[in-house]
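Protein chains in written order, with my numbering: chain A, 1 to 400; chain B, 401 to 743; chain C, 744 to 1197.
Bear in mind the hints are in silico, worked out from the structure with no lab data behind them.
Hints are supplied without guarantee of correctness; some may be wrong.
[Claimed, not checked] Just so you have them, the derived chain B footprint on chain A, three or more residues with Cβ under 8 Å:
no., stretch
1, 12-24
2, 116-123
3, 182-194
4, 351-357
5, 363-373
[Stated by the list, open to error] Once the Cα atoms are required to be at most 27 Å apart in a straight line, the calculated BS3-like pairs of lysine-lysine come out as:
no., chain 1, residue 1, chain 2, residue 2
6, B, Lys477, C, Lys941
7, B, Lys635, B, Lys528
8, C, Lys1085, C, Lys941
9, A, Lys246, B, Lys477
10, C, Lys1155, A, Lys157
11, C, Lys1052, C, Lys944
12, C, Lys941, C, Lys1030
13, C, Lys944, C, Lys1063
14, A, Lys6, A, Lys382
15, C, Lys1155, B, Lys469
16, A, Lys232, B, Lys469
17, C, Lys1085, C, Lys843
18, C, Lys941, B, Lys469
19, A, Lys232, A, Lys246
20, C, Lys843, C, Lys833
21, C, Lys1155, B, Lys477
22, B, Lys635, A, Lys232
23, C, Lys1030, C, Lys944
24, C, Lys833, C, Lys1031
25, B, Lys469, C, Lys1085
26, C, Lys944, A, Lys89
27, B, Lys455, C, Lys1052
28, C, Lys1155, C, Lys1025
29, C, Lys1085, B, Lys477
30, C, Lys1052, B, Lys477
31, B, Lys477, A, Lys232
32, B, Lys455, C, Lys1155
33, B, Lys635, B, Lys455
34, C, Lys1052, B, Lys469
35, C, Lys1052, C, Lys1063
36, C, Lys833, C, Lys1030
37, C, Lys1031, C, Lys941
38, C, Lys1155, C, Lys1031
Positions of the beta carbon are idealized from the N, C-alpha and C atoms, including for glycine.
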Amino acid sequence: MFGLSKRDAGLLFVVALLCLFAPFILNPFPEGSAMAQFNGGYPDLMQRLVIFGIFAIGFNILFGLTGYLSFGHAAFLGVGSYAAIWMMKLLTMNVIPAIMVSVLVAGLFSLLVGWISLRRSGIYFSILTLAFAQMSYALAYSVLTPITGGETGLQPKHTDPRILDGALPAGQSPRANLFGLDMKASTQLQLGDWVFTFNAGYYIAAAIMLVAFYLSIRIFRSPLGMMLRAVKSNQQRMNYTGLNSKPYTLAAFVISGMYAGLAGGLLVAMDTQVGAERMFWTASGEVVLMTILGGAGTLIGPILGAGFIKYMENIVSKINDNVLHGWFSFMPDGIENFMVTIIHPFVGKGWHLTLGLLFMLVVIFLPGGLVEGGQRIGNLFKRKKADPKSPDGTTTTPAE
Amino acid sequence: MDAILLQILNGLDKGSAYALIALGLTLIFGTLGVVNFAHGALFMIGAFCAVTFSKLLTLSHTIIDDTRKDFLGNPMKVDVPYIHEFVGQTTGDAIIDWAVPLSILFAVPVMIAIGFIMERGLIKHFYKRPHADQILVTFGLAIVLQEVIKFFYGANPIPTPAPAVFAGSFDFGAMLGFDPNTIIYPYWRLVYFGFAAVIIGAVFAFLQFTTFGMVVRAGMADRETVGLLGINIDKRFTIMFGIAAAVAGLAGVMYAPINSPNYHMGMDFLVLSFVVVVVGGMGSLPGAVLAGFLLGILESFASMSAILELIPGINQIIIYLVAIIILLTRPRGLMGRKGVMEE
Amino acid sequence: MSFSNLTRRGLIKTSAAAGAGLALPTYLSAASHAGYTNAPQGDTVTLGFNVPQSGPYADEGADELRAFELAVEHLNGGGDGGMMQTFSSKALNGTGILGKKVEYVTGDTQTKSDAARASAKSMIEKDGAVMISGGSSSGVAVAVQALCQEAGVIFMAGLTHANDTTGKDKRANGFRHFFNSYMSGAALAPILANEYGKDRKAYHLTADYNWGYTTEEAVRSSTEAFGWETVNAVKTPLTQTDFSAYIAPVLQSGADVLVLNHYGGNMVNSLTNAVQFGLRDKMVNGKKFEIVVPLYSELMARGAGANIKGILGSQNWDWKLEDQLGSRYSGTNAFVQSFGTKYGFPPSQAAHTCYVQTMLYADAVTRAGSFNPCAVVEALEGFEFDGMGNGPTLYRADDHQCFKDVVVVKGKENPENEYDLVEIVEVTPADQVTYAPDHEQFAGGSLGSCNAGA
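Construct all of the structure, not just a fragment, from the sequences and the given hints.
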């Protein structure tokens, strides 16, 4: 199917189903119940999950295949975002030009950065990409303020020119749309106490992620992908056979930069604003963490990692003492307060602590990331001898 | 001229902080081959050793002073440090005043212990794992460590002043024949510079002139062969980790008066110290120190207003720009060895 | 797919009230909707408190959250009522807002505009918040304000001081109680001229981002009007931690005043560094060298420790106002009393502004008789009130900025405890800090019209 092996097509199908039914899967708890705090099926989070999924898929094409660890990928996401918002300010609130230009601009920028950085390998490469990203961040936050908005970022205003759009009706703020379909438009389905939200923007982003995922499978399975894996396993030997690896790695770098730009453009399309923090090194580090956490070099790992981190960030940080008291209110007062005191450091403002602990636990006990966790559980049920191959046919040993 | 001299002085001081952190980081890179993202957190914990020690010194009990009222109109609670009762008010205040230098004594064992626990409990299991895993686990550890500090000390910076005798600044300008006040430098920063020089010198001497150091250097060059010679290199590496942690911690202790410690100061330094190490060249201790001073001085120059008028924003990017230029002209940084972390 | 921004919580209640069948899928249409985003259904209303809980401003965020919790308690009739007793508008009576019990959700802005928007969006989309408040930087305030405008909810800004929030980035759905850079400059300049003389040479160190720019501009233009000369202004990177390279050349320049347009950790570090360099002990041009920090906060003062002593700056409010300057600032003591009783220490200005913003919102809803954002905007525009600790205050209709007296403070020489670090020097009356809505420092924006959302 679509030029994929049966196994890959199956994987694509599973991801498509997950995307399609995400509003149900992420909202397992009935409204009003104490567990509803853990529901993640609201438009903004669902959009972020798939957008950062795209970002991580793209990063994995570079890191998972070639082993080149870029520590500056957030710069491409940021540049893509700025390009998109300018399209929205100058041209039209339709997301199509914004997304296309964001991919293009990020591709060009990554061509420049990759062309320079790929002269070095290993940690020297990482530091070069980090340096470019940090420079982009610092300049965007300060001297480039006229272009980037600096600290306050950029948002569409009703006073922007927007030459392709007609004048806004009074009282309307500019809304990102796809030929008139508002990205924020939602419809809801109520089943008993459960309410599920279907958001236009989410489904558009999810469709784009499926395309991106499909392309990444094709790249993994293509001769280019084979070449890139050769770079990872032994670049020297490859060079000795007379192959110049640079064009291949540069291609991988630019492709993953374009994925980052696509994610940046989609972020703007779903939530029309850009801030320079998007390019800070912690944002670059985040995509590294997503990929490793999910399982570097595997197809689905980065999506899982991205989902895991974004879910934690948005859900755990919102649990405050008030909520905790609500959960344990059925207990006697003493025990209730004790439970709240115990859990308090790990939720709400302590969500970073939980995240840090989970990073450590996953990497200590699941060297192949969440994908390996999934496999182990799968094997447990199958009661078969452990299959050394991951679903996409490569070993789960993460790249260096 | 005086402006340039001043910035060189400045750069040396800034550079000594970078060099100290980078030195510890390189020790761990070089000996253990581990990318330690928790190194900034060790620096931060060092600074909080100073904070904790001053808090210990000022441990107080509360007495109620009926003659004064607090902001709600209730009788005022006054804290009296125990140390005032033990050694009298004057001596007590003098000891509290010297809290930062004294806390070195407290920080060294604490940091070595933390280093040992980290190496034995966690890092040891990651020697054979890919660098990416090392990054993830040490980054997770860094987050955990800083969140623990935040839980106990809050997010706000905590003022940790140097002893009163080091307040104010020394006038180099007057000494060198310039106008007074043109080249001034704070006493405490001079102390920091001297301290850094001593520590860096001590680490080099230790590696260069002791048998232990020789074995470690041999292990850095070829771990397997040294192991085959029947030397227990693991134990020595654990000790090296402890030393590296202590170096980072001491850098943090002495830095506390310069910038009030806060829980994320480690992350602020982390990226910078990695840049310094890599620009210096992976696995090279002299390279790390050299790069520290070089970047410190260039950063200081970039902040001069004459240069800022020429190239606006250069102070924002100078370190990264220099890093790119150096890495493009010298493939392995200033003094890096071939084949270290190049895969 | 034409209906937007329904919340699940609101929905549940609507449908339950309508007795909608539970077994069959129910599709809702806009017709069953109250005509604005997140119209509260049933007997509760949800407010969203979006404060920094991680990152450098986490402690400030924690204080804001305390104030929000206190405000909710008072609105629901708990505690001693705080400033509700002194507030000039008597619409609130302790039965929630419009008879609906006030509930709240919290989130972490991380002091990043992306994270703040994500958090605010989850409050709007998931929890059905009808108003968002809080925040500790102008970048976040502007980003969230724009979001609230799009989504059709009210944004009551927390701590944000850049002119842009009610200047070039102002929005009809956003309101700022906190003062701004211009006001700081206008309030400080006469007092600086008075204390340090009119013949001064100032050297500015400015944080290299929007807030820094507007603050430098405001302080420069106000002090230059009094005869000061600005010898140099150097921009410093936000990520800078060691400011020695910027401070060392100050004395060479011949300046005799250093103005630190820094906030938070930047300010703590630059001030600490400046004091280390012994600047404050120097005599330049026959005058004692002075340092000025235009925007002050209690937490910054605590972080700077002894270095803050004698440093002049401005604040939105201080907990000692009513005690020291009399009943013009009524409300202050009531608030300090209830905050102090609950938490054991006096509130910061960030806590005060967040508490007041919540009360003002509740009051506006009550007076308007509706949660509809457009009704709230109408009720708040041009609203004059008193008894909230700042003296008589106006919420100006032209830009949704509050105009009130500005407190000029300086670091206390002998603080009695860690909460008593600043003393009030003087209060600059509101009319001296009032500017025309089209003032050049605020040019380039437009409120647009209110957006009620769905």
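8 Å C-beta criterion, at least three residues: is the stretch 182-194 of chain A covered by chain B = As far as the stretch 182-194 of chain A goes, the hint is violated, because 0 residues have Cβ atoms under 8 Å from chain B.
Is it true that the CA of B/Lys455 sits at most 27 Å from the CA of C/Lys1155?
-> 22 Å, holds
Would you mind confirming whether the straight-line C-alpha gap from C/Lys1085 to C/Lys843 stays at or under 27 Å?
-> The given pair, whose Cα atoms are some 24 Å apart, holds under the 27 Å limit.
Keeping to a limit of 27 Å between CA atoms, is the pair of C/Lys1052 and B/Lys477 held or broken?
-> 23 Å, holds
Is it true that the CA of C/Lys1155 sits at most 27 Å from the CA of C/Lys1025?
-> Distance of about 20 Å is within 27 Å: holds.
Between A/Lys246 and B/Lys477, is the straight-line Cα distance small enough, at 27 Å or below?
-> 71 Å, violated
When you check the alpha-carbon spacing of C/Lys1155 and A/Lys157, does it fall within 27 Å?
-> Between C/Lys1155 and A/Lys157 the Cα gap is close to 44 Å, so the pair fails against 27 Å, i.e. violated.
If you look at each residue in the stretch 363-373 of chain A, do at least three have a Cβ nearer than 8 Å to any Cβ of chain B?
-> The restraint on the stretch 363-373 of chain A holds, since 3 of its residues have a Cβ under 8 Å from chain B and three suffice.
Under the criterion that the straight-line Cα-Cα distance not exceed 27 Å, is the pair B/Lys477, C/Lys941 satisfied?
-> 43 Å, violated
Holds or violated: A/Lys6 to A/Lys382, with C-alpha atoms at most 27 Å apart | This hinted pair holds, its Cα atoms lying about 20 Å apart.
Given the hint that C/Lys1052 pairs with C/Lys944, does the C-alpha gap stay at or below 27 Å?
-> 21 Å, holds
Are the Cα positions of C/Lys944 and C/Lys1063 separated by 27 Å at most?
-> 32 Å, violated
Going down the numbered hints, you'll see the structure goes against 1, 3, 6, 8, 9, 10, 13, 16, 18, 22, 24, 26, 31, 33 and 36, while the others check out.
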